[in-house]
Amino acid sequence: MEMESLPNGNSAAAAAAVAAAAAAAAAVAPSSKLNQLAESLKLEHQFLRVPFEHFKKSIRANHRIVEKEMSAVISGVADAANADFSRDEAVHHLNSLVSRLQGLKRKLEEGSRTEHLQAQKCRARLDHLESADADNLSDWNNMRLKRILVDYMLRMSYYDTALKLVESSNLQDLVDVEVFHEAKRVIDALQNKEVAPALAWCAENKSRLKKSKSKFEFQLRLQEFIELVRAENNLRAITYARKYLAPWGSTHMKELQRVMATLAFKSNTECATYKVLFEPKQWDYLVDQFKQEFCRLYGMTLEPLLNIYLQAGLSALKTPYCYQDDCTKEDPLSQDSFRKLALPLPYSKQHHSKLVCYITKELMDTENPPMVLPNGYVYSTKALEEMARKNNGQITCPRTGFVCNSSALVKAYIS
Amino acid sequence: MELGNIKDTFDRVAKKQKLSSSKSQEVIDQVGHEIENALAKLQGDPASPVDQKSILVELQTKLSIIGSQSQLEGSQKELNINLSKYTKLLEKSFNPDISKAYRNVDFDFHTVNQIIACHFYRQGLFDIGECLTNESGEPEDTALKSHFLEMFQILEAMKARDLEPALNWVSNNREKLKQNGSNLELKLHRLQFVEILQKGGRADALNYARTYLAPFASLHMDEIQKLMACLLWAGRLDSSPYSELMVPSLWEKLAEELTRQFCSLMGQSYESPLSVAIAAGIEGLPTLLKLANVMAAKKQEWQAMKQLPVPVDLGREFQFHSIFVCPVSRDQGSEENPPMLMPCGHVLCKQSIMKLSKSSTRTFKCPYCPAESSVGQCMQLYF
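In order, the protein sequences belong to chains V and L.
Take any residue in the first sequence, count from 1 to its spot, add 366: that is its number in my numbering.
Take any residue in the second sequence, count from 1 to its spot, add 17: that is its number in my numbering.
Hints were generated in silico from the structure; no laboratory data involved.
Just so it is clear, CB atoms sit at the ideal spot from N, CA and C, and this is done for glycine as well.
Certain hints may be false.
Stated by the list, open to error - A few chain L residues facing chain V, derived, Cβ under 10 Å: (1) Gln60; (2) Tyr119; (3) Asp255.
Stated by the list, open to error - Simulated crosslink set (DSS-like; lysine-lysine; CA at most 30 Å straight-line): (4) Lys323(L) x Lys706(V); (5) Lys471(V) x Lys243(L); (6) Lys473(V) x Lys102(L); (7) Lys715(V) x Lys105(L); (8) Lys408(V) x Lys323(L); (9) Lys756(V) x Lys399(V); (10) Lys102(L) x Lys706(V).
When you get a sec, could you build the whole thing from the sequences and use the hints?
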């Protein structure tokens, strides 16, 4: 029992029909939905790579600790063997080595626990990807949207919102809050014109930055040099350059020379080549550089995932009809905010006609072919048959009010 | 992409890591043990003399033996090999850089923040939405928020089997609901009637029917009759022919319908536009990435293009507009170049017809069937 009067264009009943069509489409072709799912999983490189890089980092750090402490202990023994210790001195010395080893053991145990947790996180994410299937698809997709939103908020530094969202949906294992915190520390310092945390980060990741031939550390040192020149600490600047800039001379001589030349100028120089080096936006440039290096090391995209997916979606959805006043409300591009974002993006392209019935919002294809009224307006066979059935064969065009008999309808053949 | 294989590779990594870790502990223990031994020898009997130098030299020798025998370096090397194997596997199985298709255009984050806040209101996550508005410093869309707040309050009440707020809302919006062709009010009253019948008994239910169901009598007599018959089975409705009126899924369906109507009356879509746009993005991004790869050398062209050169196939649920593509010219229909129906029933765009008819002077043959027609016989179509 349903009270039916024919719904028109924007009514919710038509929207219900769309949902039914979508559900029917999903049920009829589950394999294509699963194919799509498999394709979309391939986009999740960052999801798996970031915790793994974190895991590798812990492993490397722990290795280094072991190496350092062990070699210190062994050389400590060698020193004692070579020196002329009294019995008490020898005992004292060996005891200190023992406690050093105990300290190492403790550190290693703690490091082991951390590594274990990180490995579990990597596994949890693999399991999460595996868990996506036809039954829980909409829930899984919902989780994905939440993950994408958390990524956005962490990058924008909206930490409270991110944490609330993580807690409300139990996303702890699926997001990388600590990684972003690590980056934030360096970025905040750089924005405060401090290079120390950034340099410490470079030291932590020395080997990998070297492998990728990164000159980020060099740029940080250059900036410190400039700051010394700005404060007119020229002697200190020169000593600094000897110690920290000279090693980079072999690979970056030109840049080195250019910056060294600032010694000859003052920070309020009008000379364009050197004036730019003193400008505060050099610090912004350093922040950008850091973000790029950081994202590259961790296997993250530079832009928020949200922007990437949103741009793709908007472009795929964008048609000239979206910007018209009668654009259906179900289209995201009927909203001003979405329209604004989509303005600079390219329109989508179709190679084949895809026609949607104005009344039912269903696709007009070979199973539901389009029918033409004498005034040129087109609706789907299903919609017009229904209308005729309820109105004694009479058709009224919902957009123009034109009235005719169903016998006056003509079928259109659209490939 | 074989997730099973990837998991196995990771398990190997984890195993090697544990091995390397335990080897480290082993070596530390061995070294510690030897030092303790030496200490014991040094401290042994306080009375008897001791040659500390030789004990220390002995210790040094023992440690260097441990050092050369330990498989510490070996296990670390193996671990590193497996670590880089896994990294390579990830890069091979997944797309390592999905930002290749990103365009560096003005993507105003203020707009994005506002979109996200509205999305949270839609999902009923009001405190998260407020938190975002605060942290981002964006102006709040109070109107939208209060509308959705009202909707969620009604839905929360319905979850607790309280239909009062829902009934209030439908009676306030009776006219608009009728225009939408919705019979939500009747359905709600029906549900309420059944509830009262279950709890209160015949008299209350009858009273309710007289007050609220009577106005629907003219249009829905058969439904009212069914409900009146239910009175006979008060208290044991589940054994009556009308047991389907008690199914709990009715409540969910009704909640969904109410949501749809509510959003429709607000002029909003049922689905969150952000969800739809992101879902479209997830479906379309693989194609765009392939395209970006092919065009990798032409960055300028990529940034400046006005239309995608290839179609991005999305599911039916993303088709919101009729797009006509002329089978002859492959141009999309527009105001200047509308689709035209020929007498044979085939449809071409106006420009194609103009070309075929040599600028409307002659009759022409339809490219699909041998039927002839002239420009005057063609009618413009409106999808």
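Checklist entry - Do the alpha carbons of Lys323(L) and Lys706(V) lie within 30 Å of each other, as the hint requires? => result Holds - the C-alpha atoms of Lys706(V) and Lys323(L) are around 15 Å apart, at most 30 Å.
Next on the checklist: Just to be careful, I want the Cα atoms of Lys756(V) and Lys399(V) compared with a cutoff of 30 Å; is the pair within it?
Outcome noted: Violated: Lys756(V) and Lys399(V) sit about 37 Å apart, past 30 Å.
Checklist entry - When the nearest CB of chain V is found for Tyr119(L), is that gap smaller than 10 Å? => result 5 Å, holds
Checklist entry - Hey, Lys408(V) versus Lys323(L), does the alpha-carbon distance stay inside 30 Å? => result Given pair Lys408(V), Lys323(L) holds - Cα atoms ~28 Å apart, limit 30 Å.
Item to check | Restraint outcome when Asp255(L) is required to lie within 10 Å of chain V by C-beta distance | outcome: 20 Å, violated
Item to check | Restraint check for Lys715(V) with Lys105(L), where alpha carbons must lie at most 30 Å apart | outcome: Status violated; Cα separation ~35 Å.
Checklist entry - Straight-line Cα separation of Lys102(L) and Lys706(V) no greater than 30 Å? => result 44 Å, violated
Checklist entry - Can we keep the Gln60(L) interface hint, with Cβ of chain V closer than 10 Å? => result Since chain V brings a Cβ to about 6 Å from Gln60(L), closer than 10 Å, the hint holds.
Next on the checklist: What's the verdict on Lys471(V) and Lys243(L), does the C-alpha distance respect the 30 Å limit or exceed it?
Outcome noted: 79 Å, violated
Checklist entry - Is Lys473(V) close enough to Lys102(L), meaning Cα to Cα at most 30 Å? => result 28 Å, holds
Hint check: violations occur at hints 3, 5, 7, 9, 10; the rest are consistent with the structure.
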